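Participant: Model the full assembly from the supplied sequences, consistent with the hints where possible.
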Amino acid sequence: MSSNFNRGSEWRKWDLQVQTILDDGYVSISIYANDLKAAEPEKWEELCQLVGSEDQVLKYDSRNYYYSDKTDNAKTKANNYAKVFIGFLEIFHNHEEMVVCLTDHNYYDDNLIDSLLKASKNSVITILPGVEVNVGGVHQLIIFNETCYGKSNFSETIKHFLSRIGVDNAKTEGVLTVSSVSYEDVVKEVNRCSAFLMYAHCNSTKGLFQERGKTDRTHLANQFNFQTINVLQAQAKSSADTTNAYIRTLPSLKSRHVFTLGSDARSLKDTLQHDSDGNYCWVKADPTFYGLQQITYEPDARVFLGTTPPIDEIVELEPTRFIEKLKINQVAGYDESRGVWFKEIEIPLNPEMVAIIGNKGSGKSAIADILGLVGESKSMDVASFLNSKRFRKAGLARNFNAEITWASGDTDSKNLSDDVDPTSKEKVKYLPQSWFEELTNDLDGREFSKELEKVVYTHLDETEKLDYDSFADLLQYKSSSVDDDISELQAQLHGVNVNVASYLKKLHPNYSKELQSELAQKRRELDAHLKLEPTKVENPDKNKGDADTTNSVMQQIQRLDASIATLNAALRTSVDNHVVIGRKLHNLSSFKEDISRIQRNVSEILSDAKVVEIFGDQADDAVKITLNDQLVRQTQASLNQELKVEKEKILTEAEIKELGLPVQEEEVLLKSSPQVQLDIATNTRNDLKATLEKPQELYQKYLEDHKLWVGRKLAIEGVTNELGKDTINYYLAELKNVEESYPKKLQEQKDLQKKISLQIYDKKNEVVKIYESVKSKVDTVIAANQPSVEDYSINIEAGVTISPEFRNEILDGINLRARGSYMGKEAGYALLGRILDDKDPNIPEDLIAIQDAVNENLDEDLRTEIKDEERQRYVGDQVNDIVGFYDYLYGLDYLAENYQLRLDNKNIESLSPGEKGALLLVFYLMLDQDNIPLIIDQPEDNLDNQSVAKILVEFIKGAKSHRQIILVTHNPNLAIVADAEQVVYTHFDKNENNTFTAVSGSIEDAEMNKHIVDVLEGTMPAFDKRRLRYNGSYKH
11 MSSNFNRGSE WRKWDLQVQT ILDDGYVSIS IYANDLKAAE PEKWEELCQL
61 VGSEDQVLKY DSRNYYYSDK TDNAKTKANN YAKVFIGFLE IFHNHEEMVV
111 CLTDHNYYDD NLIDSLLKAS KNSVITILPG VEVNVGGVHQ LIIFNETCYG
161 KSNFSETIKH FLSRIGVDNA KTEGVLTVSS VSYEDVVKEV NRCSAFLMYA
211 HCNSTKGLFQ ERGKTDRTHL ANQFNFQTIN VLQAQAKSSA DTTNAYIRTL
261 PSLKSRHVFT LGSDARSLKD TLQHDSDGNY CWVKADPTFY GLQQITYEPD
311 ARVFLGTTPP IDEIVELEPT RFIEKLKINQ VAGYDESRGV WFKEIEIPLN
361 PEMVAIIGNK GSGKSAIADI LGLVGESKSM DVASFLNSKR FRKAGLARNF
411 NAEITWASGD TDSKNLSDDV DPTSKEKVKY LPQSWFEELT NDLDGREFSK
461 ELEKVVYTHL DETEKLDYDS FADLLQYKSS SVDDDISELQ AQLHGVNVNV
511 ASYLKKLHPN YSKELQSELA QKRRELDAHL KLEPTKVENP DKNKGDADTT
561 NSVMQQIQRL DASIATLNAA LRTSVDNHVV IGRKLHNLSS FKEDISRIQR
611 NVSEILSDAK VVEIFGDQAD DAVKITLNDQ LVRQTQASLN QELKVEKEKI
661 LTEAEIKELG LPVQEEEVLL KSSPQVQLDI ATNTRNDLKA TLEKPQELYQ
711 KYLEDHKLWV GRKLAIEGVT NELGKDTINY YLAELKNVEE SYPKKLQEQK
761 DLQKKISLQI YDKKNEVVKI YESVKSKVDT VIAANQPSVE DYSINIEAGV
811 TISPEFRNEI LDGINLRARG SYMGKEAGYA LLGRILDDKD PNIPEDLIAI
861 QDAVNENLDE DLRTEIKDEE RQRYVGDQVN DIVGFYDYLY GLDYLAENYQ
911 LRLDNKNIES LSPGEKGALL LVFYLMLDQD NIPLIIDQPE DNLDNQSVAK
961 ILVEFIKGAK SHRQIILVTH NPNLAIVADA EQVVYTHFDK NENNTFTAVS
1011 GSIEDAEMNK HIVDVLEGTM PAFDKRRLRY NGSYKH
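Start counting the sequence shown at 11; every next residue gets the next number (the numbering used here).
The calculated lysine to aspartate or glutamate pairs, modelled on EDC-like cross-linking and capped at a C-alpha distance of 20 Å, are:
#1 435 with 461
#2 516 with 744
#3 760 with 749
#4 424 with 356
#5 667 with 656
#6 515 with 869
Calculated from the structure, these hints are not laboratory results. All figures in this text were calculated on a predicted structure; none of them were measured in a lab.
Facilitator: If you want it as structure tokens, here you go:
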């Protein structure tokens, strides 16, 4: 049996109840030898060669030989049986390290246990000597650590123990002798000789939880509670589960307990076998008596009943996540002139928790730095040992190499002067002490938050990460797209708010008053105009001939007037056409520029690496945007020709002559030009008008004046189907709109306000959904660890929050001197506080309620001192910039996507360095899904004692069940209370030319105990506290 288990506490199979050849029911190997030979011929042959021959194997494992053969003495027979026993277990269990507790009933042999112990000395099979006794009908297993009572061997020790509990012989009248003392006395005797007590097959008829019948079970609670912890045993996990369930129904059973399995084997083939469901009893400890004791100190963590311990399954499935060992050595040719330092150093590492301890300057952090370097940690720029001021000074580090071997067998190596490859993926997560201090002392918490976000980001699925490397990059991508959409919606909202402001203005009483005033003014204007009607002038042409002549001239003038009107209309049309064609040509030019810009943008998009990754060489074919050049040129030429034609129509005679056209073309253009024809018609009309006599001229003037008077009258009254803005009919129609249509239109626009506002809200929530996805997953982990964090509240808030400036921004937009609900700064601030109270902006209905409440208090003065009939108010009287006010209220710029980590209801920036340190460690220990080895250098220096005891220990225990934790500490108490599987003690001997040494083992290892005491300067408070907490001795 090896005495140095330098990988610390590892899971091994233990069989805690095995009977030997001494048992009456023992089945000799001869009974099943043929089966063994058929199933495992090579192993059978190996056993026979080890023992001497097949005949010897069959002979030595025979009760007939052991009790009746006279050729060998008792000691020789015991030694021969021990050789078969140990050899069989080694060979048929593939030389796997295992532990067997020998528990023969009322052991009485003089040699057997000691022979088995001797045979197992250099074996992978550990033998723990013990005995099974019947105490008041309840079977107990007593396992011994050392000889006592002054006896020289275990056989004598056990027999003396039996005599002290009233078992003076193995059997009484053919039945196994029952102890004559009480269970209390047996427990006391066990403690006197520093032995270990278990209750065998406890739910059988001879177990602690037997049914009423042969033995009185009235005092079960008294016996169960007599010890602070009971080690219970069953032959199958199902039986242990049944008994556990029964114990939970009995509140009177107050002591702790832990279940183990024992085969109660009576043959070699049944020893160390699983139960009927394939479950073994696994104990995580050194295969020693002190290892067995660990199950009373940490019962939940040290015993596993099942096929394979979970951590072993994880290591098997993901061997590249666990460091098997670290090697450090000098490079070839190094002459040690600058110190020995690291020479042929090899440190095996446990897959669970490794605590590296040592006095100041012992090289603890050196090991952490070296692991970080070889494991490509991105935190090496703040390494405390491998830096230019210490070990890398003057090139010392280049004389040493380090190599990590992973559980997969793969290796990574570096020279200690090498740097981490910035392009490589981290294989270990290293938290150096100075890095830790820098983060926890970050005053505004930004860098600290970023580090926590790295952990949180691991909880997003790869599909959710969209190939982005960090939370910040993903959020920036999501936010940029959302921001563009929100800007478009806010632009739409602005147009709606302009309409709302317009209708609010028109529904103000002042607007109606203005309309009434303008209407009255127009009516007065009409009354005055009616008095200005021209005096009627009779037609002077009484003579028919003169009248005919005059009529003929007048008809010509009228025809010319009609022609002039037509020509004017044509000219206006030409001018309009000229403008329209010019605009078309301008738009055509802009269109060409827009298409060109779109083509450039599309080209940039198609050349983006992400698009190329999707379409490959066909990326350019994914989108085709082409311009029909022929159609564009034809359209441009056609428009230019149309523009030329329209320009020619508005040229005067002089402008046409200046063109210098050929005579024939000039004549054609003069005849077709509306402007030239208009000038001719106007001159002709004026000449005809001059031929009329004075009376006729007055008559004509009257007609013209009357026509103007009628036109002015219509302008004042307004034509109902063509309402001008300054007419009587306009004001009448507008007053009607105020009463009937504008309230409806205002409500329509307000509904549209809310609709767009909710669309903006939905866009903001697209970013929040990323936070919520993380929150839900992190909450699940926190809930699963609730027993560990019940006094340590970690909350993640994900959603939208209202800016603290919301109240100030709203009140800045309101005239606080105006009469209304918001009158007075303090009153207005308090009112907004009440509006926001109990409202959750993450609930759309609450957000609408806030917006509605802000508006309601503008529409009505809801102060208690105001009478109901005096409450009505108008937005325009209180808000100067209505459009800007509503752009803010409904545009939701005051809503921020929020992701906030809180510890005990404190924001990150409010945490002390110690609290930040605790939170950071909790995140890496509980929430980090990366699960690569986590190396922490002296975290206790940045934590208060309460955080170490209350937080760090519990979370280390949880994390090490699925992740390798390597903890550097100058306080070994931390390793003890966290039940570290392995302790590595380091030492630099300056007197021996700076020689580094490292010793490793388990907490229960005696040599490691001494090193721990040395570091603690002679004290063992953690050991003592641990034993007090889980002491297996009786209560008294």
